Amino acid sequence: MALDKTQIAQRIAKELQDGYYVNLGIGIPTLVANYIPAGINVVLQSENGLLGMGPFPFEGEEDPDLINAGKQTITTVPGSVFFDSAMSFGMIRSGKVDLTVLGAMEVNQDGDIASWKIPGKMVKGMGGAMDLVASAKNIIVAMMHTNREGESKLLKKCTLPLTGVKCIKKIVTDLAVLEVNNGKFKLLERAPGVSVEEIKSKTEGDLIVEGDIPEITF
Amino acid sequence: MALDKTQIAQRIAKELQDGYYVNLGIGIPTLVANYIPAGINVVLQSENGLLGMGPFPFEGEEDPDLINAGKQTITTVPGSVFFDSAMSFGMIRSGKVDLTVLGAMEVNQDGDIASWKIPGKMVKGMGGAMDLVASAKNIIVAMMHTNREGESKLLKKCTLPLTGVKCIKKIVTDLAVLEVNNGKFKLLERAPGVSVEEIKSKTEGDLIVEGDIPEITF
Amino acid sequence: MNKVRKNAIEATFDIKDGCTIMLGGFGLCGIPENLISALVEMNVKNLTCISNNAGVDDFGIGLMLQKKQLKKMIASYVGENAEFERQLLSGELEVELIPQGTLATRCMAAGYGMPAVFTPAGVGTEVAEGKEVRNFDGKDYLLETALKADFALVKAWKGDTHGNLIFKETARNFNPVMAMAGNITIAEVEELVPAGELNPDHIHTPGIYVHRIFKGVNYEKRIEQRTVRKK
Amino acid sequence: MNKVRKNAIEATFDIKDGCTIMLGGFGLCGIPENLISALVEMNVKNLTCISNNAGVDDFGIGLMLQKKQLKKMIASYVGENAEFERQLLSGELEVELIPQGTLATRCMAAGYGMPAVFTPAGVGTEVAEGKEVRNFDGKDYLLETALKADFALVKAWKGDTHGNLIFKETARNFNPVMAMAGNITIAEVEELVPAGELNPDHIHTPGIYVHRIFKGVNYEKRIEQRTVRKK
Chain L
413 MALDKTQIAQ
423 RIAKELQDGY
433 YVNLGIGIPT
443 LVANYIPAGI
453 NVVLQSENGL
463 LGMGPFPFEG
473 EEDPDLINAG
483 KQTITTVPGS
493 VFFDSAMSFG
503 MIRSGKVDLT
513 VLGAMEVNQD
523 GDIASWKIPG
533 KMVKGMGGAM
543 DLVASAKNII
553 VAMMHTNREG
563 ESKLLKKCTL
573 PLTGVKCIKK
583 IVTDLAVLEV
593 NNGKFKLLER
603 APGVSVEEIK
613 SKTEGDLIVE
623 GDIPEITF
Chain S
413 MALDKTQIAQ
423 RIAKELQDGY
433 YVNLGIGIPT
443 LVANYIPAGI
453 NVVLQSENGL
463 LGMGPFPFEG
473 EEDPDLINAG
483 KQTITTVPGS
493 VFFDSAMSFG
503 MIRSGKVDLT
513 VLGAMEVNQD
523 GDIASWKIPG
533 KMVKGMGGAM
543 DLVASAKNII
553 VAMMHTNREG
563 ESKLLKKCTL
573 PLTGVKCIKK
583 IVTDLAVLEV
593 NNGKFKLLER
603 APGVSVEEIK
613 SKTEGDLIVE
623 GDIPEITF
Chain V
559 MNKVRKNAIE
569 ATFDIKDGCT
579 IMLGGFGLCG
589 IPENLISALV
599 EMNVKNLTCI
609 SNNAGVDDFG
619 IGLMLQKKQL
629 KKMIASYVGE
639 NAEFERQLLS
649 GELEVELIPQ
659 GTLATRCMAA
669 GYGMPAVFTP
679 AGVGTEVAEG
689 KEVRNFDGKD
699 YLLETALKAD
709 FALVKAWKGD
719 THGNLIFKET
729 ARNFNPVMAM
739 AGNITIAEVE
749 ELVPAGELNP
759 DHIHTPGIYV
769 HRIFKGVNYE
779 KRIEQRTVRK
789 K
Chain B
559 MNKVRKNAIE
569 ATFDIKDGCT
579 IMLGGFGLCG
589 IPENLISALV
599 EMNVKNLTCI
609 SNNAGVDDFG
619 IGLMLQKKQL
629 KKMIASYVGE
639 NAEFERQLLS
649 GELEVELIPQ
659 GTLATRCMAA
669 GYGMPAVFTP
679 AGVGTEVAEG
689 KEVRNFDGKD
699 YLLETALKAD
709 FALVKAWKGD
719 THGNLIFKET
729 ARNFNPVMAM
739 AGNITIAEVE
749 ELVPAGELNP
759 DHIHTPGIYV
769 HRIFKGVNYE
779 KRIEQRTVRK
789 K
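Residue numbers (the numbering used here), protein chains in the order written: chain L, 413 to 630; chain S, 413 to 630; chain V, 559 to 789; chain B, 559 to 789.
By construction, these hints were calculated from the structure, which means they are not laboratory data. Predicted model only: the values in this text are computed from it and were never measured. Where hints are given, some of them may not hold.
Rough simulated footprint, nothing fancy, chain V against chain L, three-plus residues with beta-carbon under 8 Å [stated by the list, open to error]: (1) 456-464; (2) 468-480; (3) 500-514; (4) 567-579; (5) 597-605.
Straight-line Cα separation of at most 25 Å, PhoX-like style, residue types lysine-lysine; simulated pairs [to be verified]: (6) S/K536 with B/K629; (7) L/K549 with V/K574; (8) S/K508 with V/K574.
Here a beta-carbon is modelled for each residue, glycine too, at the ideal position from N, C-alpha and C.
Bound-form chain L, shown alone (with noise of 0.2 Å):
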């Protein structure tokens, strides 16, 4: 069975290493915070400017001052700290954060990601994401597999305006766990159920499937 948003945070979850600054970008990427392994610390980083963030608040404690880059109501941890725009992508372009996760459209198989813009139909703006993918050593794309209409978003070449290029490393979809490998993604983990010929199917970029493909667990 394909994997729900908060299933495919938690499997990114368990890509977190004690000590990692880490930033996470809007839609299922902010749910990776609820599902950090036990024993590991982590600190959180949001491109608007804190590093330290914790938990959404109580009901009645929301601080209008006080958002993170989704815009969204937050609290802080212990240690946290606040600064400007510049100095928040400063530290994310000098490479201080170790992992980066963060939506998408589509993915090419040279790593290239688009996310940003539908020509004559939609724009959400880059936002960070152009300084994120463009900055971060290791990046890790979250996003459905295909898009609404069943297509893959896992591509030869991406069709949308880019965001970076040669810069993903790793995708975490509802169906699978893969790698960006030489110019072809490398099938990783699948989804509990879901078949090998089921991602070939879905996957329209070069797929290197190697022995047996372990089902992901969390």
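Since the structure of chain L is already known, use the hints to place chains S, V and B on it.
Chains S, V and B in isolation, oriented as in the chain L frame:
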């Protein structure tokens, strides 16, 4: 009679205007702070990271964490603010400092200045002087008219390694007030009792003398 | 040197049609509410606005979009702002989208007197079109120029009569970098104190960057995405 | 993620001969006294030191100069440091002098992930030799590259166990920009508190830039130019 260092500082203080942000270099320029005209509010910038420098501390109240760019113990005035060296030169470079006063070994008639090195003999380092002269809109040099050997420090062409080119607007020496004007020194004022002839003889660069030259008043 | 103004209208008297203005804030967090109201009230037209976002349909810069006061918007994110997206797609509004970090850095570059800097964001994308690309240590970067404005409008938590500013939490965001990039910088603050009352080690924006300051009123501080958990 | 170390010796164990180190401080103000003592005690050799000044003859980096631990000094000011000037003029020590603002900006560029920036200082002087000059809006600027170090050694007033730092008065100076430019940044602080005790709006250097932190001891805080007025 030639001005002493205090009087040079006193004359320069007359250039201050209300609301000015001013950077005073090491030596004679530092003394300018003692002669700020009544009714004039200026904020002193110290490039090691302070806006709102006050007078020297009272004996016994020295604070080793609070010094000026000349490494002297100082105090602050109300409204002062501390910042790091990058921001300090940021405000200098972006033209927010209205007036810079600094010393020099040589100045030439194009407005070039030399102040940091005598090859093979002496190296003081440029410190912040190169940044200041490359950035300030309004720069006054405070110095003796001649060096210890009696040689003019106002030259056709500087002989020492430069600190900056075409940047000096005004020079106040023990003998005169001059401005750099179309590639020449223009004599504006002379020290009380000092003749135009004496100034001419001690100025190696081309000197413009137009009409009566008034004596310096304080 | 009197920087204190009575209110937003008095502080913005010389913002005329056709000006370029920069506005601090991220979403609706830390936006200069009083200054935006003044611009809406004065109905200044043909503005070029530089701000990370364009508010929401009925608040923040969205109010100026509704009244068609903007000729051009320079921002990083459109998001869920329907009116902004509509004007953009229809071509009514000229829009330049800039990566968020590049936007912040270009403002800072102005405030730090650096005419241009190299940054990696947007290499290989349409953002790179027409820009110099240079490789440093095996990685490509774009040359990005400093971004200035005729007026920078910022919102701080506390300020003093010298124009020194302290921001609160994530309401800081673009405010300090934009404060440095205005030819004239106007700050509205929730609390205005006499010079000397702020701890000089706690000030985020030195007063040298701020030309006018006033105490704002009636802060609404609207929340864009109220998210809570149960007690 | 344990960044706390017992003392300077424990924090500097991997600083080896030939390393490039950056040291915060302006004159003797805000210098990492404990870390310098450790380097002197360990007698690490062949160091390239990046610091605005080189201390005085018998304190600060001057102690390392005396022991001939430095291969190269990168600084902006020699001033009245006789031993530094002697080693420089005699050629015993390789010295690179950089304008003070350029030095600060190059460190900041490293910490902000900008490989190069344009700055005006030194145009037309020997500092410009070999550098790209470019004109922006009628003014010439030099292209200056980011400056990094194997280790950045900084001194703060207060710090917490996450590495967040707060500086005091003008002891801030180069410390925050150098803290951002070290591959490994080591901070000594006068007071070390648990994470959560510092006000997150008052922190100057976010802990993400700091890899090791310890509480320094026996601060001498020598004054270079004691100047006073009579009561």
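Quick rundown of the hints versus the structure:
1. 456-464: holds (count 5)
2. 468-480: Contact hint for the segment 468-480 of chain L vs chain V: holds, 13 residues under 8 Å.
3. 500-514: Since three or more residues must qualify, the claim that chain V covers the segment 500-514 of chain L holds, with 5 doing so at under 8 Å.
4. 567-579: It holds: at least three residues are needed, and the segment 567-579 of chain L offers 6 whose Cβ sits within less than 8 Å of chain V.
5. 597-605: violated (count 0)
6. S/K536 with B/K629: holds (20 Å)
7. L/K549 with V/K574: violated (46 Å)
8. S/K508 with V/K574: holds (24 Å)
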